[in-house]
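K.L.:
Heads up: the protein sequence lines correspond to chains A and B, in order. So the first sequence is numbered by my numbering: it starts at -2 and just counts up by one. So the second sequence is numbered by my numbering: it starts at 3 and just counts up by one.
Treat the hints loosely; a few may be bogus.
To be clear about the criterion: a stretch of chain B counts as covered by chain A if any three or more of its residues have a C-beta under 8 Å from a C-beta of chain A, and this derived list gives those stretches [said to hold, decoys possible]:
(1) 119 to 128
(2) 317 to 324
Within a straight-line C-alpha distance of at most 27 Å, the following computed DSSO-like cross-link-like pairs (lysine-lysine) qualify [to be verified]:
(3) Lys64(A) / Lys191(A)
(4) Lys359(A) / Lys120(B)
(5) Lys10(B) / Lys213(A)
(6) Lys282(B) / Lys195(A)
(7) Lys324(B) / Lys213(A)
(8) Lys359(A) / Lys282(B)
(9) Lys195(A) / Lys324(B)
(10) Lys198(A) / Lys124(B)
(11) Lys154(A) / Lys42(A)
(12) Lys213(A) / Lys124(B)
(13) Lys64(A) / Lys142(A)
(14) Lys260(A) / Lys124(B)
(15) Lys213(A) / Lys191(A)
(16) Lys213(A) / Lys313(B)
(17) Lys191(A) / Lys124(B)
(18) Lys12(B) / Lys260(A)
(19) Lys359(A) / Lys419(A)
(20) Lys12(B) / Lys203(B)
(21) Lys282(B) / Lys139(B)
(22) Lys383(A) / Lys359(A)
(23) Lys313(B) / Lys359(A)
(24) Lys324(B) / Lys198(A)
(25) Lys260(A) / Lys324(B)
(26) Lys124(B) / Lys324(B)
(27) Lys195(A) / Lys313(B)
(28) Lys120(B) / Lys198(A)
Residues of chain A clear of chain B, computed beta-carbon distances all greater than 10 Å [what the hints assert, rightly or not]:
(29) Asp20
(30) Arg53
(31) Lys106
(32) Glu146
(33) Thr176
Treat the hints as calculated values from the structure; they're not laboratory data. For each residue, glycine too, the CB sits at the ideal point set by N, CA and C.
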Amino acid sequence: MMKDNQQTDRFQRVVKAASIHYDMEIGKTMAAITDDFPDNPAAMKYFYEKHRNLIRNDSNGKLPSKKTIATLCIHVPVELILAVGAIPVRSCAGAFTTEQLGAEFLPAKSCPMVKSTLGAISYNLLHGKVQPDLIINPATCDQKKKLGEINEEISEKFYLLEMPSTKDSEESREYWLQTVFKLIRKLESVTGNKLTAKSLKRAIQEVAHAQRLYRKFNHIRTSAPVILGKDALLVTNAFFFDDLESWSFHLNLLNEELENRMKTGFRVVNERAPRILLTGSPSVFPNMKMPLLVEELGGFIVSEEFCSSSRMLWDTVAVDEWHLYDMIPALADRYLKPSTCPNFSPNTDRIRKLLSAIEEYKIDGVVCQTFTGCQLYDMETRIIAKAMEQAGIQTLFVETDYSPEDIGQLTTRVEAFLHSLKHNRKKQLI
Amino acid sequence: MNYLQNIKHKADRANVSRLRFWIQLFTFLLIVYGGYFFIHIGSQVPTFACPYNQGSPGTCYLIAMQHGLHLTWSELVSYRGLAFFTGFLTFIGFFIVFNKAWCGFICPLGTLQDWITKLRYKIGIRFSRYDSASFQKLKKIKYVILVLLIAIPLGMSNSFFGLAPINHDMQSPFCQVCPGRTILPLASADTSQIFIDFTNKTTLVMSTLGILITALFFVGAFAKKRFFCFFCPMSALQFLFSRIGILRLTKNGSNCTRCGNCNRVCDVGIIGIAEDITSKYIVKDDCMMCFKCVEACPEDNCLDVRVFNAKIFSSTQEGFFKRYIQPNELSLKNEKNDER
Chain A
-2 MMKDNQQTDR FQRVVKAASI HYDMEIGKTM AAITDDFPDN PAAMKYFYEK
48 HRNLIRNDSN GKLPSKKTIA TLCIHVPVEL ILAVGAIPVR SCAGAFTTEQ
98 LGAEFLPAKS CPMVKSTLGA ISYNLLHGKV QPDLIINPAT CDQKKKLGEI
148 NEEISEKFYL LEMPSTKDSE ESREYWLQTV FKLIRKLESV TGNKLTAKSL
198 KRAIQEVAHA QRLYRKFNHI RTSAPVILGK DALLVTNAFF FDDLESWSFH
248 LNLLNEELEN RMKTGFRVVN ERAPRILLTG SPSVFPNMKM PLLVEELGGF
298 IVSEEFCSSS RMLWDTVAVD EWHLYDMIPA LADRYLKPST CPNFSPNTDR
348 IRKLLSAIEE YKIDGVVCQT FTGCQLYDME TRIIAKAMEQ AGIQTLFVET
398 DYSPEDIGQL TTRVEAFLHS LKHNRKKQLI
Chain B
3 MNYLQNIKHK ADRANVSRLR FWIQLFTFLL IVYGGYFFIH IGSQVPTFAC
53 PYNQGSPGTC YLIAMQHGLH LTWSELVSYR GLAFFTGFLT FIGFFIVFNK
103 AWCGFICPLG TLQDWITKLR YKIGIRFSRY DSASFQKLKK IKYVILVLLI
153 AIPLGMSNSF FGLAPINHDM QSPFCQVCPG RTILPLASAD TSQIFIDFTN
203 KTTLVMSTLG ILITALFFVG AFAKKRFFCF FCPMSALQFL FSRIGILRLT
253 KNGSNCTRCG NCNRVCDVGI IGIAEDITSK YIVKDDCMMC FKCVEACPED
303 NCLDVRVFNA KIFSSTQEGF FKRYIQPNEL SLKNEKNDER
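Same shape as in the complex, but just chain A (with noise of 0.2 Å):
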């Protein structure tokens, strides 16, 4: 049915039209990335070539043998995607171009990126436009939980991984482990390869490896003001979509050249500028709206609290004994426990992990933003505004979504908040 579609002529019009307009996207937010900044890292330039051709049809070096599986979330553990020897694509979209698209199927009123992910699905405009052999969609959100049912043409390729709502019972992550287990067997057969304990530990291995370059790059910049957080977050968003190997690889250049700045004194933002956390709903390229603007007005964000980026790579397996018995639940014990999803309840570790970021990282001020239509995000923006107030940091609290409409109302606003967090800090001073 799938192909008997695609081969319509609407389809190949719509794609072929959505194609420009997102490339066009692409290359206006690439713009502003690099052009409207002066201090670019130049080990940053793969990163940008890699955004800069994130829909044209590249490959993006990958072995076209291989099999592609779709995660839509970061609590599908891509380690055991890369043991049976397919490639993982996180495939979350952040386009205005697509999200226009996937609101043909969902209600108005829902999640910018729910509707964008699955109008880039609908219309394989997903990065390098690749045709993922399966889709993993946890039932993390109530959105992305139906997602799978919605268009009937690409919903065979879905499968929900269930989730538990909480994670701090036994019986929860009893629950999860079980559906890891199935979800093992999915992959098995999907991509008629075995998990063996070899491959999961090689891939736990080359997983870990990349995250120790993560933590180290994330120790960089929350130390020393030596690379912008529009930057940073192309390097999380990299890992996306890039081959595990040549990401680490480019990181590690990157991470070099960062140091030598570091040691040179170097720095991309004047000793005034506020230090950001952002928080929320993730900002996925090429939706970099909230962290352009709070930069290019003159603040700089020492990190982020997304599942786009921090949260994606910062919790790492660990392993007693290297058997399948074991790795297992270990890889499922990571992703499950230490994450700060808003779809838990309770997920009192958000706030925890927000207040330690913004002692360590000596942070002035929280930018929260919520998509219109992320129900859960918005909930949580209480607790974390009571949790801010009580802590005594100055927090903006924006609601957005994927279109470019409110980009003046929100100049002012995130203006006027740098101008309050400038201005503290002067009184603080004398």
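Since chain A is already given, all that's left is putting chain B on it; use the hints.
P.N.:
Then chain B, alone, in the frame of chain A:
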């Protein structure tokens, strides 16, 4: 100061488990054969230095305690009682130096179990998993044993609630069922402790129990890491005083992400180490201070090993990755990178 920091930095990257293996080997030989080398460390040793084994350089405090409590009430408050209390203080003196690391680094039965675990791991047989709720209840047995171990000797000299004193065949009741009594003498090629005593009903029951528990020790250790330790009254007794130990394991909850790595690698499956974000002193009753949790913690200064209040080994990101990434697994990648 800088020099000290350098040493600390090195220590944080160290592989404590490997070090522990060699310490355990050394202390195993010491506790099992030390007596042959004229080493004597007294009769208040807070670990299974079993006097039934001829090579033992000392005496496990549990046996001294059972003997020492073989007192009538009036004796207990006399000079004989004082002897018991000085013995007890000696035990505490020994204990607080290493705290529960007596279990993780020195106990010969613990070492034996770790070796059995290593063997199982080598063969590739999985360990068994338990329903944690019921296991939590099962673990309380060690406190029951500890209470019995104190009450039975007292019950032999005194009458509880007007009942007749307990039969003297129940002397040192725990030793009669302790796997240390049957296993450790084997190290001196002494099989005389493996018997069933048909003298009377009491000895028959107790000696049979002893043999069964010995068998369970081996079977259990093969299925579950440190199986016997969950039921060990020495562990229970030590835990009561663990807070005054000089060696400490502390946690800084604000650095914890509750990722559960510490719980995953814990041989005794302590969940509190991951879930508890408020306690500073984090030693729980089954903890044997092997410090695998500190090794597996990927957050800087979340878990710390301290002597008094000075940190001697802390969890670090750097140390975690150094211990958990094995470069030979990534060799292929590095070659590829070189080509680029």
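K.L.:
With reference to the structure, classify each hint as holding or not holding.
P.N.:
Evaluated hints:
no.	hint	result
1	119 to 128	holds (count 3)
2	317 to 324	holds (count 3)
3	Lys64(A) / Lys191(A)	14 Å, holds
4	Lys359(A) / Lys120(B)	45 Å, violated
5	Lys10(B) / Lys213(A)	20 Å, holds
6	Lys282(B) / Lys195(A)	39 Å, violated
7	Lys324(B) / Lys213(A)	13 Å, holds
8	Lys359(A) / Lys282(B)	24 Å, holds
9	Lys195(A) / Lys324(B)	20 Å, holds
10	Lys198(A) / Lys124(B)	16 Å, holds
11	Lys154(A) / Lys42(A)	35 Å, violated
12	Lys213(A) / Lys124(B)	34 Å, violated
13	Lys64(A) / Lys142(A)	24 Å, holds
14	Lys260(A) / Lys124(B)	47 Å, violated
15	Lys213(A) / Lys191(A)	34 Å, violated
16	Lys213(A) / Lys313(B)	24 Å, holds
17	Lys191(A) / Lys124(B)	22 Å, holds
18	Lys12(B) / Lys260(A)	23 Å, holds
19	Lys359(A) / Lys419(A)	14 Å, holds
20	Lys12(B) / Lys203(B)	59 Å, violated
21	Lys282(B) / Lys139(B)	25 Å, holds
22	Lys383(A) / Lys359(A)	20 Å, holds
23	Lys313(B) / Lys359(A)	25 Å, holds
24	Lys324(B) / Lys198(A)	16 Å, holds
25	Lys260(A) / Lys324(B)	24 Å, holds
26	Lys124(B) / Lys324(B)	23 Å, holds
27	Lys195(A) / Lys313(B)	37 Å, violated
28	Lys120(B) / Lys198(A)	19 Å, holds
29	Asp20	28 Å, holds
30	Arg53	21 Å, holds
31	Lys106	33 Å, holds
32	Glu146	33 Å, holds
33	Thr176	17 Å, holds
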